[in-house]
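2 protein chains.
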Amino acid sequence: MSLTVIKYDRGMGRWEPDARGRLERAALELYIERGFEQTTERTFFRYFADKREVLFWGAGALQELLVTTVTDAADADAPITAISAAIQTAGALFQERRESALLRQTVITANPELQERELIKLASLASAMARALRQRGVEEPGASLSAEAGIAVLKIAFERWINENGRPDLPQLIRELFDQLKTATAG
Amino acid sequence: MSLTVIKYDRGMGRWEPDARGRLERAALELYIERGFEQTTERTFFRYFADKREVLFWGAGALQELLVTTVTDAADADAPITAISAAIQTAGALFQERRESALLRQTVITANPELQERELIKLASLASAMARALRQRGVEEPGASLSAEAGIAVLKIAFERWINENGRPDLPQLIRELFDQLKTATAG
Numbered sequence: 000m001s002l003t004v005i006k007y008d009r010g011m012g013r014w015e016p017d018a019r020g021r022l023e024r025a026a027l028e029l030y031i032e033r034g035f036e037q038t039t040e041r042t043f044f045r046y047f048a049d050k051r052e053v054l055f056w057g058a059g060a061l062q063e064l065l066v067t068t069v070t071d072a073a074d075a076d077a078p079i080t081a082i083s084a085a086i087q088t089a090g091a092l093f094q095e096r097r098e099s100a101l102l103r104q105t106v107i108t109a110n111p112e113l114q115e116r117e118l119i120k121l122a123s124l125a126s127a128m129a130r131a132l133r134q135r136g137v138e139e140p141g142a143s144l145s146a147e148a149g150i151a152v153l154k155i156a157f158e159r160w161i162n163e164n165g166r167p168d169l170p171q172l173i174r175e176l177f178d179q180l181k182t183a184t185a186g
Numbered sequence: 000m001s002l003t004v005i006k007y008d009r010g011m012g013r014w015e016p017d018a019r020g021r022l023e024r025a026a027l028e029l030y031i032e033r034g035f036e037q038t039t040e041r042t043f044f045r046y047f048a049d050k051r052e053v054l055f056w057g058a059g060a061l062q063e064l065l066v067t068t069v070t071d072a073a074d075a076d077a078p079i080t081a082i083s084a085a086i087q088t089a090g091a092l093f094q095e096r097r098e099s100a101l102l103r104q105t106v107i108t109a110n111p112e113l114q115e116r117e118l119i120k121l122a123s124l125a126s127a128m129a130r131a132l133r134q135r136g137v138e139e140p141g142a143s144l145s146a147e148a149g150i151a152v153l154k155i156a157f158e159r160w161i162n163e164n165g166r167p168d169l170p171q172l173i174r175e176l177f178d179q180l181k182t183a184t185a186g
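Taken in sequence, the protein lines are chains A and B.
Every letter in the first sequence is one number past the one before it in numbering that gives the first Met the number 0, and letter 178, counting from 1, is 177.
Every letter in the second sequence is one number past the one before it in numbering that gives the first Met the number 0, and letter 180, counting from 1, is 179.
To be clear, the hints were calculated from the coordinates, so they are not data collected in a lab.
Mixed in with the good hints there might be a few duds.
[Unchecked claim] Here are the simulated SDA-like pairs of lysine to any residue, each with C-alpha atoms no more than 25 Å apart in a straight line:
#, chain 1, residue 1, chain 2, residue 2
1, B, K181, A, A75
2, B, K120, A, F35
3, A, K181, B, T68
With these hints in hand, go ahead and build the complete structure from the sequences.
Structure, rendered in structure tokens:
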């Protein structure tokens with residue numbers, strides 16, 4: 000990965016149609032090679048507002064996916080079942096984009112500032128899911144507890160998945176962790 | 000609250016023995032009055048390394064309290080029982096320092112940068128409790144799930160407590176939320 004490649008991409012052309020996805024990957028590799036702090040902003044202006052956006056541009060879509068899954072769950076589903084379905088859907092998405100997810104995590108792990116932003120993102124996802132549950136008529140504190148529990152599962156599942164190099168089936172791992180959470184909280 | 004008061008305090012004297020606690024309160028009021036961003040660093044050098052330290056100097060002691068409570072729980076206690084005991088102990092501490100806790104939260108709520116640091120702190124507390132559980136022989140993912148569930152309860156309980164101006168009994172609220180979490184995750 001070199002600046003030349005990114006420069007070439009700025010001219011568009013043969014990288015279409017997934018120019019953004021390809022630049023994301025190139026940028027992630029650049030961050031890993033040079034370090035996030037040492038990478039300059041000027042190469043990213045066409046596809047990304049700034050260096051951070053390479054890592055967080057998918058956050059809006061992820062939130063929408065979680066919220067839609069919670070909203071569309073069957074009426075008979077318990078809140079935790081709707082949350083589990085949403086987190087599994089997110090897991091399937093990460094599994095699909097395994098390579099990007101691994102690169103991205105390498106960058107985030109190396110930068111405390113990015114870890115902070117990641118935690119903020121997770122907290123926002125929990126709030127958004129709790130709101131979606133309330134709109135289904137779930138009362139507090141049940142809505143927030145279920146949503147926060149779901150994010151705790153996602154965090155732990157994702158960490159294990161990354162540690163095993165993205166090999167285990169992430170949605171399956173998430174299902175197992177929801178079962179184990181039920182056992183753990185039952186005491 | 001004015002700079003004069005802090006200046007007087009820098010000369011020590013009649014504010015002892017709880018000079019640090021009093022300056023903390025004075026600083027919190029100053030942050031609320033002027034805004035955290037607008038407050039300059041130069042008044043804090045005796046008791047606090049910087050402006051942020053006024054808000055986070057208790058984090059180390061809080062972590063130690065949580066870890067000690069988890070470590071000292073009865074051998075027969077389930078991991079979630081040890082975590083619940085730890086979170087209740089933290090709740091009792093906040094209840095005792097109700098006024099400072101309310102002032103501190105006002106400052107944090109007004110500053111996204113401080114909210115990030117607060118989330119980092121909570122994530123560290125979860126990791127420290129999970130580690131303490133593992134040292135008791137609790138296996139993963141049970142240790143992390145129980146610890147993260149505990150932090151989720153703390154977060155939600157604290158938010159409700161702050162919204163009701165610190166009036167409800169926080170340890171009691173925490174106990175109730177652990178029960179509700181059990182119901183919620185059972186589905």
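B/K181 and A/A75: Cα distance at most 25 Å? Between B/K181 and A/A75 the Cα gap is close to 19 Å, so the pair holds against 25 Å.
Keeping to a limit of 25 Å between CA atoms, is the pair of A/K181 and B/T68 held or broken? Distance ~23 Å between A/K181 and B/T68 Cα, so the pair holds.
Against the 25 Å threshold, does the CA-CA distance of B/K120 and A/F35 hold or violate the hint? 23 Å, holds
The structure meets every hint from the earlier list without exception.
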